[in-house]
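Participant: Next come the chains, spelled out residue by residue.
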Amino acid sequence: MEIEVTQEKLSRALNNVSRIAIGRVTLPVLNNVLIRVDKKKVSLTTTNLDMAVIDFLPTSNSKDGTVTVPAKLLADFVSNLPKGETIKISASDTKVTISAGRYSSTINGALADDFPELPELDEKKAATFKINIDDFKAGVSEVIIASSNDLTRPALTGVFFNTYDNTLAIAATDGYRLAEKKLISGVESEIKAIVPSSSLQEVLRSLSDDVEEIEISFTEDLVRFRLGEVEIISKLIDASYPDYLKLIPKENDSKITLNREELSRVTKLAALFARSVGGSIVCETKLPDTFSVKSIANEFGENASDIETKVEKESKTRLNSRFLIDALNALEEKDILFEFSDGVKPIVLRNKKSDKYVHIIMPLNS
Amino acid sequence: MYDVWKNALAEIEQKISPANFSTWFQNTSLLSTENGEIKIGVKNTFYVKQLRARYLDIIKTALENNGLEVNSIDFEVNSSSKPKVRSREVTKADDLIKKRTPSLKNNSTTSENGLNQKYTLETFVVGSNNDLAVGAARSIIDAPGSRYNPFFLYGGPGLGKTHLAQAIGNELLKRDPDLKILYTPISHFYSDFVESIRNGKGKEFNRKFQKLDCLIIDDFQFIVGKEKSQEEFFNIFNDLYQLNKQIIITSDRLPSQIKSVDERLASRLTMGGAFDIQLPKFEDKCAILRAKADQIGAEIEPEAIEYIAENVNTNIRDLEGEFSTILLMSEVRGLTPLELIRNGSVSVSRSSKLRPLAPKQVVEKVAKYYNLPVKEMCGKSRVANIKTARQVAMFILSKELSMSTPKIASEVGVKDHTTVMHGIKKIEQDLKLNFTLRDQIAEIKEKIYG
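Chains as they are written, first to last, in the numbering used here: chain A, 1 to 366; chain B, 1001 to 1450.
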């Protein structure tokens, strides 16, 4: 096996794949990257058995063959080589020689036979979606904050890809809050799949500027993300997702429009006084035109801020300030809609103009 | 099926490297073997390809060596092969709102509270032997810290005290996941206590308990001889009780019968009522076995269940043990449990009890237990302890051997069968109040059957 490639390209590819190839002690070969040249096509592969990252590396010169090398070591070595050099990697058996100009080193690799076989996506059975990269990036980052890391409820540790009314939406909830974003409309395939949040985070990290579109294909137990030369395949979480659409209340008593930055500021102020009570703050509307945010910390004092806005009905709710701040960061427009009721009805936040994103926060028991 | 796979795994383990074995074969299970079409459950789709590509032959050989016919092997992603609790995640949306509405209390994690989630009320079989205790448990779940506080649960080993106590904890958590609950056997309590004193953290130890909403103490009887721990427990008990926090205690006997338990503590422990769990009756035992069979998805004939229920008279733990043994044997031999019993290949240790007991033996054992010569016990003496021994013998002959009163009369040397009737009645009466007597009879029964 032999390849020749520029330092920049190789370094970027190795950085992409080596992130998941660390920390596995039971099967050492999983810390390695598989370098494969098959009919002049070069690919770098790593896996942690929940997902795999494959980077196809365009090269001018190569000879067929396979080998595996400790991923972290190779990535660190290559990233420290001078930029602009052409790097040559060649392997005979398990000895891997890397040379670039006057630099050269030999790494003990392992036979590619030890590297696990990876599952393949059955193209015929797959449901495929193409999404603009910016929409995807924004959507996933706005939703993923609401996913849970409670392993006893595996379904909630992922992001739910869901089609309904010819729309592909993604949603996440940890039981305390929920976020949903409609990604694309006019879809014909149907899909209900839970993608592990950790895999999606890896996808977000692998995005580069020169990619415009991401292709996502689902089969029954596998998902594949294709972004330019990078392919990420991941298992799906085998669980049923709660019927989250039922959580979104149809009607709420108070519906007010607020300036996002102003609300964010008063929430942060209130949060300072809410630390000792677990971040609990009170939101209240008063006729004719007052929305107020209050918090009380017995030992420090209390805080109350008012915002002027049109109020039609008086109500009061209590919620966790941290969740509200998260939600406000995920919203993007200048003005937002804030809907809530007395008692235990969930609080709904949306952008004023676009209805693609909705964020729900459960109120706290008062 | 489970065991066939276990054996196969043991064989595979010898053939491949430990790293490969623990990576690829952990959390696998055998799903079905019908017509030689083997189905193996794996953790996720990444495992399917690798197992098929590299380990198919090894798996096939291992299964065949364990007596299975193998025509084809298929792999299936199977969530039950994951070590996770499945049932909890099919939450309905409405429940999600109700249950997960966070309150301001601190979060408690399930791993720290000592509760084992497999103990739930649904899996607890209610019968005449425990219905009172379960009733009280339910009212605790509805309103912890109010009516039955402290909840004192006692009974012999292996009857389900721990199960019930933990089930209360788990149900409480289900209703309010933010409750602070701690389950601890008393032995851990005093070893932690000793540790905290050694580190000079006695106060912290106390504070840890004061924050609790519900304290569950298991096997309280082992407090014997730990005076200092007892004092500490008494303090914590009082603090929690004052705050109306639920306290649940299990023990194999009443506190007043545990040597060296302070009288003040003893009386306080039972002021919320003491509930006993008794040996299950035949019908209860059948119900337990049937529930167990459903739970593990095993098929067993009603007659086989009755056979086991009839022949295991010690406790539920033994009952379940026998049950598993028979299921296992039926799997290994390829017979149904009933066929196994019919063709006499069960050499179940306790089924020796089936052998009819001779009344003489019973009388001898009772006499021996009370340190009396048989002649004296079956004599005319009206000395209290001799008389009681005689009545106990009558009672056991009647209950265990179902003998008629005239026969019993001739066996224990009394003239009149009405004396026997009186004696049996007397013991039945006494049993309700006299716990020492109850223990004695249980011990005698163990000796007779053991």
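What the hints contain is simulated information worked out from the structure, not anything from laboratory work.
Glycine included, each C-beta is placed from N, C-alpha and C at the ideal position.
Warning: the hint list may mix true and false statements.
[As the list claims (entries may be wrong)] Here are a few chain B residues that sit away from chain A, every Cβ distance over 12 Å (derived from the structure):
#, residue
1, Gln1050
2, Leu1051
3, Leu1068
4, Thr1123
5, Asp1131
6, Arg1147
7, His1188
8, Asp1276
9, Arg1317
10, Gln1361
11, Glu1400
12, Leu1431
13, Leu1433
14, Phe1435
15, Ile1441
[As the list claims (entries may be wrong)] Among chain B residues calculated to face chain A with C-beta under 8 Å, some are:
#, residue
16, Phe1046
17, Lys1049
18, Val1077
Participant: Evaluate each hint against the coordinates.
Facilitator: Status of the hints after comparison with the structure:
Listed as a non-interface residue, glutamine 1050 of chain B fails to keep its Cβ farther than 12 Å from every Cβ of chain A; the least gap is roughly 4 Å. Not every C-beta of chain A lies more than 12 Å from that of leucine 1051 of chain B, the closest at about 9 Å, which undercuts listing it as non-interface. No beta-carbon of chain A is positioned within 12 Å of the beta-carbon of leucine 1068 of chain B; the least distance is around 25 Å. The non-interface label for threonine 1123 of chain B is consistent with chain A: the shortest C-beta to C-beta separation is roughly 18 Å, beyond 12 Å.
At roughly 32 Å, the least C-beta separation between aspartate 1131 of chain B and chain A is larger than 12 Å, which holds for a residue marked as non-interface. Consistency note on arginine 1147 of chain B: stated as away from chain A, and its beta-carbon is indeed over 12 Å from all of that chain's, at 24 Å minimum. Listed as outside the interface, histidine 1188 of chain B is consistent with that label: its C-beta sits roughly 23 Å from the nearest C-beta of chain A, beyond the 12 Å cut-off. For aspartate 1276 of chain B, the non-interface assignment is confirmed: its Cβ lies about 34 Å from the closest Cβ of chain A, beyond the 12 Å cut-off.
At the 12 Å boundary, the C-beta of arginine 1317 of chain B stays outside the reach of chain A, the nearest C-beta of that chain being 28 Å off. The non-interface label for glutamine 1361 of chain B is consistent with chain A: the shortest C-beta to C-beta separation is roughly 54 Å, beyond 12 Å. With a closest Cβ-Cβ approach of about 47 Å to chain A, glutamate 1400 of chain B is found to remain outside the 12 Å limit, as its non-interface label requires. Residue placement check: leucine 1431 of chain B keeps its beta carbon more than 12 Å from all beta carbons of chain A (closest about 45 Å).
Once the 12 Å rule is applied to beta carbons, leucine 1433 of chain B is consistent with being away from chain A; the minimum gap is 46 Å. Taking the minimum C-beta to C-beta distance to chain A, about 41 Å, the non-interface status of phenylalanine 1435 of chain B holds against the 12 Å cut. Taking the minimum C-beta to C-beta distance to chain A, about 45 Å, the non-interface status of isoleucine 1441 of chain B holds against the 12 Å cut. Nearest Cβ of chain A to the Cβ of phenylalanine 1046 of chain B: about 5 Å, under the 8 Å cut. The hint holds.
Given the 8 Å rule on beta carbons, the hint for lysine 1049 of chain B holds: about 4 Å separates it from the nearest Cβ of chain A. Satisfaction of the interface hint for valine 1077 of chain B is found here, the shortest Cβ-Cβ separation to chain A being roughly 5 Å, below the 8 Å cut-off.
Consistency with the previously given hints fails for numbers 1 and 2, ordered from lowest to highest.
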